[in-house]
Structures are given as structure tokens and as C-alpha cells.
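J.: These protein sequence lines are chains R and C, in that order.
Numbered per the working numbering, the first sequence spans residues 1 to 183.
Numbered per the working numbering, the second sequence spans residues 1 to 143.
Worth flagging that the hints you see were computed from the coordinates, not collected in a lab.
Quick caveat: nothing in here was measured; it's all calculated off a predicted structure.
A couple of the hints might just be wrong.
To be verified - Derived pair list, reagent style SDA-like, types lysine to any residue, alpha-carbon separation capped at 25 Å:
hint: 1; chain 1: C; residue 1: Lys54; chain 2: R; residue 2: Ile150
hint: 2; chain 1: C; residue 1: Lys117; chain 2: R; residue 2: Gly140
hint: 3; chain 1: R; residue 1: Lys72; chain 2: C; residue 2: Leu115
hint: 4; chain 1: R; residue 1: Lys178; chain 2: C; residue 2: Lys117
hint: 5; chain 1: R; residue 1: Lys72; chain 2: C; residue 2: Pro35
hint: 6; chain 1: R; residue 1: Lys156; chain 2: C; residue 2: Pro35
hint: 7; chain 1: R; residue 1: Lys91; chain 2: C; residue 2: Ala62
hint: 8; chain 1: R; residue 1: Lys178; chain 2: C; residue 2: Val24
hint: 9; chain 1: R; residue 1: Lys91; chain 2: C; residue 2: Asn58
hint: 10; chain 1: R; residue 1: Lys178; chain 2: C; residue 2: Leu115
Stated by the list, open to error - Counterexamples of contact, computed for chain C against chain R with all Cβ distances above 10 Å:
hint: 11; residue: Ala22
hint: 12; residue: Leu34
hint: 13; residue: Thr122
hint: 14; residue: Val135
hint: 15; residue: Val137
Positions of the beta carbon are idealized from the N, C-alpha and C atoms, including for glycine.
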Amino acid sequence: MKLVGFPLLLMLTFIASSAQDRLLTRNGSISFYSRTSLEDIEANTQTAVSVLDKKTGQLEFSVLIKSFTFEKALMQEHFNENYLESDQFPKSIFRGRIEDLSKVSFDKNGRYAVSVTGELTIHGQSQTVTTPAIITVLDGVASANAEFNIVLADYKITIPSLVQDKVSKTVRIAVNLKYQAQP
Amino acid sequence: MKKWWKRYRFFALAVCTIAVVAAVYGYVEYNRGLPDTHHLRADFKLEASDLVGKFEINEPQANAVYVDKTISVHGLVSGIQITDTSAAVFLSDGSSVTSVMCQFENASSREIKNLKKGTQATIKGICSGYLMDVVMVRCVLDK
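Let's have the full structure, built from the sequences with the hints guiding it.
T.: In C-alpha cells, the structure reads:
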């Protein structure tokens with residue numbers, strides 16, 4: 001199982017659903033922001049993988065921690081080495097579902113406000129997350145957008161006392177997934 | 001005071017010089033941006049199928065060898081996906097579902113416009129690991 005990793009896991013998870021019910025993106029966008037009076041920290045990646053099952057509302061995304069890019073090289077080094085320990089915990093994963101899937105019509109253009117609940121794993125720690133999200137359908141292309149805050153201590157991410165004033169204890173995460181229909 | 005200054009002036013000047021150099025170094029280092037991949041020398045040069053194979057056979061070992069390294073990958077352009085802010089180019093051997101996903105930060109660059117699906121390309125980027133594909137970020141065309 002270790003050798004095959006995420007692709008097989010993703011396939012097994014969705015094996016019960018038919019191919020046309022699954023929407024996939026391999027270049028989803030995830031950003032995070034930490035704002036303090038001293039300094040803003042921001043990073044993003046455009047390489048998140050996500051699958052959304054239109055029939056069951058099951059939604060998963062996975063992202064490589066080392067794919068996040070920062071404006072400053074030193075911040076990126078500290079992020080990977082001191083905070084997220086990305087050699088030890090290389091991936092972050094969300095597994096959940098759209099709670100009110102009946103609100104969404106994937107065949108009709110529109111913006112649908114929904115609620116998503118699931119388990120978010122960062123730094124090897126899992127927490128339940130519930131967040132409002134927007135599903136947008138435009139000419140057959142579905143997108144999912146959500147923004148939510150996480151508390152770093154919940155994921156056992158410790159901030160060294162020397163830079164405590166520069167790093168906020170909560171971080172805002174923005175997820176933007178534009179799906180492609182599966183053949 | 002004059003006596004003190006005469007005796008210790010070299011020491012005082014040296015301390016001041018070191019402090020200024022340290023402050024300038026700290027400031028420059030703190031604000032250092034990520035290097036342009038064009039200027040990075042490739043640590044490895046591989047075919048896309050070979051790189052994918054390494055991760056499929058033993059992901060932890062491949063992570064240890066290739067992640068954070070600058071890699072020049074050659075392969076068939078099996079797909080190009082452009083978003084509002086970036087572009088993803090997929091390199092494979094043409095037969096495998098898994099490919100090397102190369103993320104370009106500037107979707108409107110000439111490099112992306114010149115790439116065509118079905119042609120061969122060599123792309124240089126920083127390896128981030130393996131999800132559905134081997135992921136490379138901050139990619140550029142490697143000539």
C-alpha cells in the first residue's frame with residue numbers, strides 16, 4: 001500500500017461511483033494567509049489534486065506541502081523545516097462531503113452556497129472542519145471555493161517564541177478547485 | 001576620553017563594521033527571493049517515464065533523492081491546462097496515465113504559448129513529490 005500511495009487510495013475511495021459522476025482536478029489552487037501588524041505571510045500552490053463525486057457529494061483534496069511557494073526564500077525554508085516539517089509530513093489531505101448536495105444542480109449554470117464537512121490532516125494531525133463553500137457551475141465546468149481559518153496549535157504546529165509576534169496563531173486557508181469532467 | 005579612543009579605536013571600529021555587515025547581511029538574507037529556475041543547474045536529467053517509475057516503485061526513496069532538487073525532464077507533452085494564474089504542462093511517455101506535472105507560474109508566458117500538445121519538450125523545475133503525478137513547481141523550458 002505504501003508503495004502505491006495516493007493514486008490507489010483515490011481510486012479505491014471512489015471505486016463505487018461511476019466515472020461520469022466523478023470530477024477531477026490535478027491543478028487546484030490552495031493559498032494561506034497569516035496577517036499580523038508586523039508582517040503578512042502568504043503562500044500558494046496550484047498543484048492540489050481533488051476529486052468530487054457529483055452523486056454522493058464526497059470531496060477530497062490532497063496537496064504536497066513542498067509545492068507551496070513563498071515570496072521570500074527564508075520563509076519557505078522555515079515553513080518546511082520548522083513549522084510543517086514537510087520531510088516527515090509531506091502531504092496534507094482533506095476528506096469530506098458536501099452536506100447539502102441537493103442544493104446543487106451540476107447540469108445548470110449557477111452559484112450554489114453549500115456546507116462542507118470533513119477531516120483535514122495537516123502536520124500528521126487530523127481535525128474536523130466545517131466550512132461554507134460555493135459550488136459554481138458554468139457551461140458544464142464545476143468549481144468549488146471555500147475559505148476557512150485553522151488554529152495552528154490544533155495541528156501541533158508550534159511557533160518559536162522569537163517570531164511569535166510575526167506569525168498569527170490562526171491561518172486563513174483559501175481553496176479554489178476547478179474540475180474537469182471525467183470521460 | 002581621548003586616551004580611551006586612541007587605545008580602543010581599532011576595536012570600536014571593528015565592532016561597528018561587524019555590526020553593520022551583520023545587519024546588511026541579515027536584511028538581504030531575510031528578503032532573499034526564490035531563485036529563477038532558468039539560472040539553476042539541473043541536479044538530474046531524466047525522461048518523464050523514468051522519473052514517474054522511480055516514484056511508483058518506491059515513493060519514500062524517490063522523495064529522499066528527488067524532492068527539492070532541480071530536475072530537467074524530457075517527454076511528450078500529453079496535456080496543457082491553463083488557469084487564471086498559472087499553467088500545468090503534463091509530460092509522459094504517451095502510454096502511461098501518470099505523468100510529470102510541470103507547474104509554470106506565468107500562464108501567459110511565451111514559453112507556454114510555444115508548447116503544443118503531442119510534441120516533445122524538456123522542462124526544468126523543482127520536484128515537490130508525488131500525488132497523482134510527479135509534481136514539479138516553478139518550471140521553465142529547458143533548452
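J.: Now look at each hint and say whether the structure bears it out.
T.: Quick rundown of the hints versus the structure:
{"no.": "1", "hint": "C:Lys54 - R:Ile150", "result": "35 Å, violated"}
{"no.": "2", "hint": "C:Lys117 - R:Gly140", "result": "23 Å, holds"}
{"no.": "3", "hint": "R:Lys72 - C:Leu115", "result": "29 Å, violated"}
{"no.": "4", "hint": "R:Lys178 - C:Lys117", "result": "21 Å, holds"}
{"no.": "5", "hint": "R:Lys72 - C:Pro35", "result": "10 Å, holds"}
{"no.": "6", "hint": "R:Lys156 - C:Pro35", "result": "31 Å, violated"}
{"no.": "7", "hint": "R:Lys91 - C:Ala62", "result": "15 Å, holds"}
{"no.": "8", "hint": "R:Lys178 - C:Val24", "result": "44 Å, violated"}
{"no.": "9", "hint": "R:Lys91 - C:Asn58", "result": "16 Å, holds"}
{"no.": "10", "hint": "R:Lys178 - C:Leu115", "result": "22 Å, holds"}
{"no.": "11", "hint": "Ala22", "result": "16 Å, holds"}
{"no.": "12", "hint": "Leu34", "result": "5 Å, violated"}
{"no.": "13", "hint": "Thr122", "result": "20 Å, holds"}
{"no.": "14", "hint": "Val135", "result": "5 Å, violated"}
{"no.": "15", "hint": "Val137", "result": "5 Å, violated"}
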